Amino acid sequence: MTTKAVAVQMTAIFDSFLGQLRTDLQELKISGEPPLSSLQTTVNVEPSTSKGIDETEKETPPVSSDEVKIKFAASAPTCTNESTQDPISADKWIDDIVNESHSHPIHITNCHPALLQQLSPAVKIEIVDGDPRKWDQFIGSFKALVHDVVPMDAQRIAILRQLLSPRLRASIAPSFHGPRLYRQALIDLRRLFGDPNLIIDAYIRSLFDILPMKYGNSDEVSRFFYEVHGAVNTLRAYGAKSELSARAMLQAVVSNLNKRLQSSWAKRIFDLRPRTATLCDLDEWLEELVMIQNNFQVNVCDSGEHQERKFKPKETRRHLNILTTSNTLMKCVLCENRHRLEDCSDFLSSTPQQRAEMLKQRDVKKGEDSMRYEPVRSHIFQKMEVTVLLDPGSEATLIREDVAHKVGLDAPKQDVRLGTFHGSDPILRCGRVNFKLHSLDERRTFEVNDALTVPALNVAHRRIDFARLRKNWPHLCDIDPDALRYDDVMVLVGMDIVEAHEQHRILKPPKGVRAPHAVLTPFGWSIISRLPALHQNLLPSSTKIHNLTVSIADEDLTTLVKDQRSVESLGIRKTDQEILSPDEERAMEILRTTTRRVNGRYECGMLWKGVQTEIQDSFPTAKARLAGLERRFRLDSDFASRYSDVITDYLQDGHAKLCPLDDHHRDRWFMPHHAVRNPNKPKGLRVVFDASARTNGVSLNDMLLTGPYMLTNLFGLLVRFREHPVAVSADIAKMFQQVRVREEDQSMLRFLWRQPGNNEPVIHLQMTVHIFGAVCSPSVCTYVLRKTAEDYRAQFPRTWQKVTENFYSRTSIIRTN
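In full-length UniProt numbering, the protein residues as written are 1 to 817.
Simulated from the structure, these hints should not be mistaken for lab results. Treat the hints loosely; a few may be bogus.
[Unchecked claim] Straight-line distance between alpha carbons at most 30 Å, and here's what the computed BS3-like set of lysine-lysine pairs gives:
1. K787 <-> K802
2. K802 <-> K681
3. K623 <-> K609
4. K259 <-> K214
5. K267 <-> K214
6. K609 <-> K683
7. K241 <-> K259
8. K802 <-> K734
9. K623 <-> K734
10. K406 <-> K436
11. K214 <-> K436
12. K267 <-> K241
13. K683 <-> K657
14. K657 <-> K623
15. K241 <-> K134
This structure is a prediction, so every number in the text was calculated from the model and none was measured.
Build the full structure now, drawing on both the sequences and the hints.
Shown next, in the form of structure tokens:
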């Protein structure tokens, strides 16, 4: 572009500015100033760059800057007053367009429609897609960069047409038939997606659809604030006071905060009382958090505690990455080849007795790993661009063996049956590999686990002249033909990677027209559907159906029977005595030494672990939980009465007792407690002691052993249950409370209590029986039940048999005729 042309364009812009200034001053009815139409302007350029201009252009005196400043100063108060009365609309100027070219002619010559792009390539107007939230930004930019700069309606309407998406352009096509319809086109656009009600509804939907905040990411607070702030500012500008005060919308937005911020917001609501919180309050609160966060980050950077890291700019790569995750080769202990022992042909062909001898000769002891690993050099970050087929009918992802081998994905193989629609499918030797799939633009990454390697992917090759055929399909005209690939499919992505099958956009033909659909996937555009009859010559000669089902190959029945008979010949039999772990042996020792019968009732000690854990002060935890329980008592008097009756029964039956407040010389533990209700028993209420409540990371259950498994075999119980036509069920009432705790352990079962509605000091109680909530209680009570039957076996032999065979936990199921 020549220097003269630049000067002419700058002159045109300044003339347009003066014309707009003249119109504004006339509307404000400012008098006493000389008419702006008499002003003439020029562009003063240095002699070194304007030599040609001096010869062809006539200089005129420039406008006084003081004069322009006076005009702006006079109009400022009026604009302020008007803005306080009615909100300024970005599209109000559309109503003011009344034959502007005739009433106020603007003399601009040699003005090209692409003037803005020539002067500033960075200044661009975003193409309108019909989103009402973008209306104010679009119409404001269009006025500043097109309407106020381009002089002719023909050029304006041409530029406006190019700034609309194909769908929006088609909806107001009649308004583009001539320059006289320029104003009508703007009015139609505003009616379609610039209506204030549409804009308010769009921002309300955006608030309801805001993404939840991810935990542990500091950038999420800023992201959340910017989305809320933009919507709140727009609703405030449009006077949507009722929407800003809606409690349902506020709760919907707050529910997407993380738990920590929800707690902080609850405190802010408490501080705002008695006024009700609104979206504006939430917006201000989020702004404070973002400012504090930004200030903290700046201070950290300025403190010099961490050295600044220099990062190299990331290079743009146009390929698909497949990364290896396993880089270890294995050696068989028998033949020294690189495969697993279970894949060794020599090992599989041998009988179980021969296998045992082979392992014994090679000194493979019990418990040792049967695989020996040979470390090899890692093949990490090997990349390869591949063609991917998205198959929603497949249960697994497949990758060609040659592709997997090129990127270093080597894995042991196993027999896999790939089932299709006909059902008679062969068995293939497939490996399982892990890798990553990246889109070409590297915006999306997918983790692929347990993908199967196959020799080939039998996919039909379909090549069509899309560049020629898309002329007949207007809905596909925006798709770049060069973006379509016809390479061999190397990876078939199944539904085990659901995210890869997301459809971000679908282009459909008009109703009644048979034409392909275009689907935008994470990997790019896909053209789907059969070609209409007009293009039968482009259809494939055969049809392939992909419906993949993965299953491990079934072994031959004859082989299974032989293996079973071989195993039976080894002489393996079940041991009469069950092997216990060290913890189970310690629990059994405590049960045998501490269980005794006192005053007609058995007592047993708690199953303490061998390693003594430091006992924490659990009194504050129990006190805080009691305070919460008392608040519930005040809200529900019936619940308080039933809860009090249970504690009173504990004291009257001797299951709990009062302990002195000054008893500090022994170990003690205070347990929180709460109520559990059975839906089938509305009036019933059970008090459960929370032995899992932690104090400084330690709970009562952490100090206790679970004990050995002593329940009756459930399968045998159910089989015996079906021997006779009549079944009788019995249940031990309050089973845990039938076994007392020895005196030495009772101090670890303390709890706090105060009668509901009573202001007396809190009393200390302790349980004298085993509690519902301790991990050792089931084993203790089952052991005592069996010991009771064993102690009286001579007197009641049938009872002993029923207890040992028909009791499961505390329930007895007896069958009879």
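Contradicted hints - numbers only = 6
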